[in-house]
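> Spelled out, the chains give:
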Amino acid sequence: MAGKPKLHYTCGRGKMESIRWLLAAAGVEFEEQFIETNEHLEKLRNGGSLLFQQVPLVEIDGMKMVQTRAILNYIAGKYNLYGKDLKERAWIDMYVEGTTDLMGMIMQLPLQSAEMREKNLALIIERAKTRYFPVYEKALKDHGHDYLVGNKFSWADIQLLEAILMVEECKPDILSAFPQLQAFKGRISNIPTIKKFLQPGSQRKPPADDKYIANRGKCCLTSVRFHFPQLLLKYL
Amino acid sequence: MAGKPKLYYFDGRGKMESIRWLLAAAGVEFEEKFVETKEQLEKLVKDGDLLFHQLPMVEIDGMKMVQTRAILSYIAGKYNLYGKDLKERALIDMYVEGITDLMQMVMMLPFSPAEAKAKNLASIEEKATKRYFPVFEKVLKQHGQDFLVGNRFSWADVQLLEVILAVEEKIPAVLSGFPQLQAFKTKMSNVPTIKKFLQPGSARKPPPDDNYVATVMSIFNLN
Numbered sequence: 001m002a003g004k005p006k007l008h009y010t011c012g013r014g015k016m017e018s019i020r021w022l023l024a025a026a027g028v029e030f031e032e033q034f035i036e037t038n039e040h041l042e043k044l045r046n047g048g049s050l051l052f053q054q055v056p057l058v059e060i061d062g063m064k065m066v067q068t069r070a071i072l073n074y075i076a077g078k079y080n081l082y083g084k085d086l087k088e089r090a091w092i093d094m095y096v097e098g099t100t101d102l103m104g105m106i107m108q109l110p111l112q113s114a115e116m117r118e119k120n121l122a123l124i125i126e127r128a129k130t131r132y133f134p135v136y137e138k139a140l141k142d143h144g145h146d147y148l149v150g151n152k153f154s155w156a157d158i159q160l161l162e163a164i165l166m167v168e169e170c171k172p173d174i175l176s177a178f179p180q181l182q183a184f185k186g187r188i189s190n191i192p193t194i195k196k197f198l199q200p201g202s203q204r205k206p207p208a209d210d211k212y213i214a215n216r217g218k219c220c221l222t223s224v225r226f227h228f229p230q231l232l233l234k235y236l
Numbered sequence: 001m002a003g004k005p006k007l008y009y010f011d012g013r014g015k016m017e018s019i020r021w022l023l024a025a026a027g028v029e030f031e032e033k034f035v036e037t038k039e040q041l042e043k044l045v046k047d048g049d050l051l052f053h054q055l056p057m058v059e060i061d062g063m064k065m066v067q068t069r070a071i072l073s074y075i076a077g078k079y080n081l082y083g084k085d086l087k088e089r090a091l092i093d094m095y096v097e098g099i100t101d102l103m104q105m106v107m108m109l110p111f112s113p114a115e116a117k118a119k120n121l122a123s124i125e126e127k128a129t130k131r132y133f134p135v136f137e138k139v140l141k142q143h144g145q146d147f148l149v150g151n152r153f154s155w156a157d158v159q160l161l162e163v164i165l166a167v168e169e170k171i172p173a174v175l176s177g178f179p180q181l182q183a184f185k186t187k188m189s190n191v192p193t194i195k196k197f198l199q200p201g202s203a204r205k206p207p208p209d210d211n212y213v214a215t216v217m218s219i220f221n222l223n
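Sequences listed follow chains A and B, in order. Mapping to UniProt numbering: the first sequence position 131 is 131, numbers consecutive. Mapping to UniProt numbering: the second sequence position 143 is 143, numbers consecutive.
Treat each hint with caution, since some may be false.
What the hints assert, rightly or not - Subject to a maximum C-alpha distance of 20 Å in a straight line, what follows is the list of computed PhoX-like cross-link-like pairs (lysine-lysine):
#1 B/4 to A/87
#2 B/84 to A/6
#3 A/138 to B/64
#4 B/138 to A/64
#5 A/4 to B/87
#6 B/141 to B/187
#7 B/84 to A/84
#8 B/6 to A/87
#9 A/64 to B/87
#10 B/4 to B/33
#11 B/196 to B/185
#12 B/130 to A/43
#13 B/87 to A/84
#14 B/64 to A/87
#15 B/46 to A/129
#16 A/87 to B/127
#17 B/6 to B/43
#18 A/84 to B/78
As the list claims (entries may be wrong) - Pair by pair, the computed Cβ-Cβ distance ranges are:
#19 B/170 to A/121: 32 to 40 Å
#20 A/34 to B/108: 28 to 36 Å
#21 A/199 to B/169: 51 to 59 Å
#22 A/173 to B/186: 54 to 62 Å
#23 A/116 to B/119: 17 to 25 Å
#24 B/108 to A/143: 31 to 39 Å
#25 B/218 to A/134: 21 to 29 Å
#26 B/169 to A/79: 27 to 35 Å
#27 A/117 to B/169: 31 to 39 Å
#28 B/135 to A/80: 28 to 36 Å
#29 A/3 to B/11: 50 to 58 Å
Claimed, not checked - Some chain B residues flagged as far from chain A (calculated, every beta-carbon gap over 12 Å):
#30 34
#31 43
#32 127
#33 173
No lab work stands behind these hints, which were simulated from the structure alone. As the structure is a prediction and not an experimental result, all values here were calculated from the model. Backbone N, C-alpha and C fix where the C-beta goes; we use that ideal spot for every residue, glycine too.
Could you put the whole structure together from the sequences, leaning on the hints where they help?
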């Protein structure tokens, strides 16, 4: 029952990347099994490993956990990255939901036509600058602490760094008007577990390229269809 | 600081409905402020009341909470509807997330273009009967208990009842292959707080109609 968590997903970021970040930041070693063919996915489905026929799947502590947020909540709780009480958890949840929305928009980009991609990229940059980053900039400025919630390292900090780096891949100077976030980025990147994860050779995955999209399209068509309604909600 | 939670949203189900269900099931009285125009929404944003410029927003325990999941998790935790430990919470989270995916499809249906509606409805029926309901049917059958997790009423039960009723509104015979879920539906509907919520005159909102769709579309400039 003890043993490293085992992650089942395609060999790319997608919805599993936030889980990789959280485990890595918590200093937890994990194994990965990459799904590269439709047959492999069907085998997992037919074997009853996927509660709702979908990945991510993380085998952890005797459970076959699915649903990204459920997995993240469990890891955060287990490794004390979820605040000290209900109210701190509420703030962490709010902050994490915000960065999840922002990263979700970016995650959709490679799946879109060139025209949609350009339009949505502009929207992402606008949202990052006017809706999301100002919130975290203000939070850090108001309390003057190193971490977002409760003066203690938490899931919210990990996810914010992940989001910052992801947006920077879209627009390298995105933090130019956010001095607190620049300092935050420097600080959190230097936390030993995170520093290690940011080095080449770690389990961090690169941004999606065309080959990954082509492959993923073959395996996971249904999840693309599902994203559609959520897409609309994210843009509201 | 004490005082009833106050819900800010449109006068319709949308993303706030699950929050209304959970508060009602927990026996918590709440107030509602309906956002009816773009100007009202913009004012909330301008006044700094909406952390990410979005609804739902719930004023509760001195916080202006946003993000549906954050709000639901807080209410579930506060009113002991979130299991007794991390593992029960994990199960509740998995079930709730699955149900939310199905609920999302139902929520978006009235916003589909006319030509896509029939197809989306068929998709809901397929996913409900092949992907989601079988999971909960099996869970209930295997442990034989009244509630989904830990032999105790939880957020997962509330949300499952909510989605069953929402899908039944569109597909009345959807539970025909699911005897456990039929029994579950009856039992949960008779939990006193839920029974009250299911009666006319409660804060429960009716299914979205054209007026609701038009309001939302106009507030977000989607028309």
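> Look at each hint and say if it fits the structure.
Hints, one by one, checked against the model:
no., hint, result
1, B/4 to A/87, "17 Å, holds"
2, B/84 to A/6, "25 Å, violated"
3, A/138 to B/64, "16 Å, holds"
4, B/138 to A/64, "16 Å, holds"
5, A/4 to B/87, "17 Å, holds"
6, B/141 to B/187, "15 Å, holds"
7, B/84 to A/84, "17 Å, holds"
8, B/6 to A/87, "17 Å, holds"
9, A/64 to B/87, "12 Å, holds"
10, B/4 to B/33, "12 Å, holds"
11, B/196 to B/185, "15 Å, holds"
12, B/130 to A/43, "17 Å, holds"
13, B/87 to A/84, "18 Å, holds"
14, B/64 to A/87, "12 Å, holds"
15, B/46 to A/129, "16 Å, holds"
16, A/87 to B/127, "35 Å, violated"
17, B/6 to B/43, "17 Å, holds"
18, A/84 to B/78, "14 Å, holds"
19, B/170 to A/121: 32 to 40 Å, "36 Å, holds"
20, A/34 to B/108: 28 to 36 Å, "32 Å, holds"
21, A/199 to B/169: 51 to 59 Å, "53 Å, holds"
22, A/173 to B/186: 54 to 62 Å, "59 Å, holds"
23, A/116 to B/119: 17 to 25 Å, "21 Å, holds"
24, B/108 to A/143: 31 to 39 Å, "38 Å, holds"
25, B/218 to A/134: 21 to 29 Å, "27 Å, holds"
26, B/169 to A/79: 27 to 35 Å, "42 Å, violated"
27, A/117 to B/169: 31 to 39 Å, "37 Å, holds"
28, B/135 to A/80: 28 to 36 Å, "31 Å, holds"
29, A/3 to B/11: 50 to 58 Å, "52 Å, holds"
30, 34, "17 Å, holds"
31, 43, "17 Å, holds"
32, 127, "9 Å, violated"
33, 173, "23 Å, holds"
Violated hints for the displayed structure, listed by number in ascending order: 2, 16, 26 and 32.
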